[in-house]
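Residue numbering for the sequence shown follows the UniProt record's numbering, starting at 1 and increasing by one per position.
Errors might be hidden in some of the hints.
[Stated by the list, open to error] Just the calculated beta-carbon pair ranges, DEER-fashion:
1. H196 - T34: 20 to 26 Å
2. Y178 - C144: 49 to 55 Å
3. I56 - G217: 40 to 46 Å
4. F79 - L143: 17 to 23 Å
5. S212 - L143: 29 to 35 Å
6. I12 - D204: 43 to 49 Å
7. T202 - E249: 22 to 28 Å
[Claimed, not checked] Computed list of lysine-lysine pairs in BS3-like fashion (alpha-carbon distance at most 30 Å, straight line):
8. K44 - K220
9. K225 - K246
10. K246 - K233
11. K200 - K233
12. K200 - K241
13. K77 - K44
14. K225 - K241
15. K44 - K78
16. K74 - K51
Think of the hints as simulated: they come from the structure by calculation, not from any bench. C-beta: ideal position from N, C-alpha, C; glycine also.
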Amino acid sequence: RADIALGNLYHIPYYLNLIDLTVPYTTQCLTFLTPESTTDNSWKILLLPFKLDMWIAILLTLFLGGFLFNLLAKLNKKFILNNFPPVFKSSSTMNLTKLKIKNTKKMLTIRKSKRKLKTAQTHMLTISQTHNVKTGLYIFEELCNSILYTYGMLTFVSLPRVPIGWALRMLTGWWWIYCILVVVSYRASMTASLAHPPPKITIDTLQELANSHVACGGWKESDKKFFATSLDKDTQRVGMKFIVLKDMELATAQ
1 RADIALGNLY HIPYYLNLID LTVPYTTQCL TFLTPESTTD NSWKILLLPF
51 KLDMWIAILL TLFLGGFLFN LLAKLNKKFI LNNFPPVFKS SSTMNLTKLK
101 IKNTKKMLTI RKSKRKLKTA QTHMLTISQT HNVKTGLYIF EELCNSILYT
151 YGMLTFVSLP RVPIGWALRM LTGWWWIYCI LVVVSYRASM TASLAHPPPK
201 ITIDTLQELA NSHVACGGWK ESDKKFFATS LDKDTQRVGM KFIVLKDMEL
251 ATAQ
């Protein structure tokens with residue numbers, strides 16, 4: 001016989017130190033509620049086609065390719081441009097024009113003018129060739145621009161001008177082949193990744209709850225004692241960060 005009887009008490013050390021409990025008559029499964037994860041991990045889809053070592057290899061190849069383009073451009077500028085003969089100055093061209101206008105009635109002067117005109121045309125051709133070489137090399141003359149244009153080819157952005165020099169052209173051709181292989185592999189892996197998207201971040205066990213940064217709380221001090229006096233280490237960790245809340249609306253808002 002007893003003067004008073006209480007039910008629905010859990011068989012835990014906290015209650016055993018206060019009152020005597022009968023033999024457990026039922027077993028209940030306790031659950032906990034966690035907020036839905038607000039972390040958007042959809043950005044990982046862009047990285048899933050390749051593994052980490054593959055991404056590192058692509059970045060290293062990108063910088064190596066940009067350095068090679070820059071090196072070949074400087075070598076072409078050093079050895080090819082030095083082979084062009086010196087060009088006329090602007091004053092010589094002006095003097096040639098004046099001489100041709102003043103002596104148009106004299107045959108000897110005309111012949112001399114024709115010879116000088118041919119020489120001037122030859123040097124003008126040299127100026128044009130030199131200009132084409134410079135404009136064909138300027139995109140790779142600086143290392144930063146070389147890396148940017150190399151990255152642009154990797155994303156299928158065409159060069160503003162075809163580089164001059166067979167070494168640069170051959171390297172450009174092989175680099176385009178490499179870019180095509182990388183992009184085709186990436187797109188194929190992307191298709192497979194979209195068919196199996198990354199799972200959402202969820203908390204399903206007490207160990208995950210203890211390791212997460214989610215705050216734990218309840219309405220009773222006994223609930224905190226339930227976790228703190230448990231024999232399981234993960235449950236004890238949950239009890240250490242358990243917060244007792246008296247206001248139900250405040251707890252729901254948090």
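So which of the earlier hints does this model not fit?
2, 5, 6, 8, 13, 15 and 16
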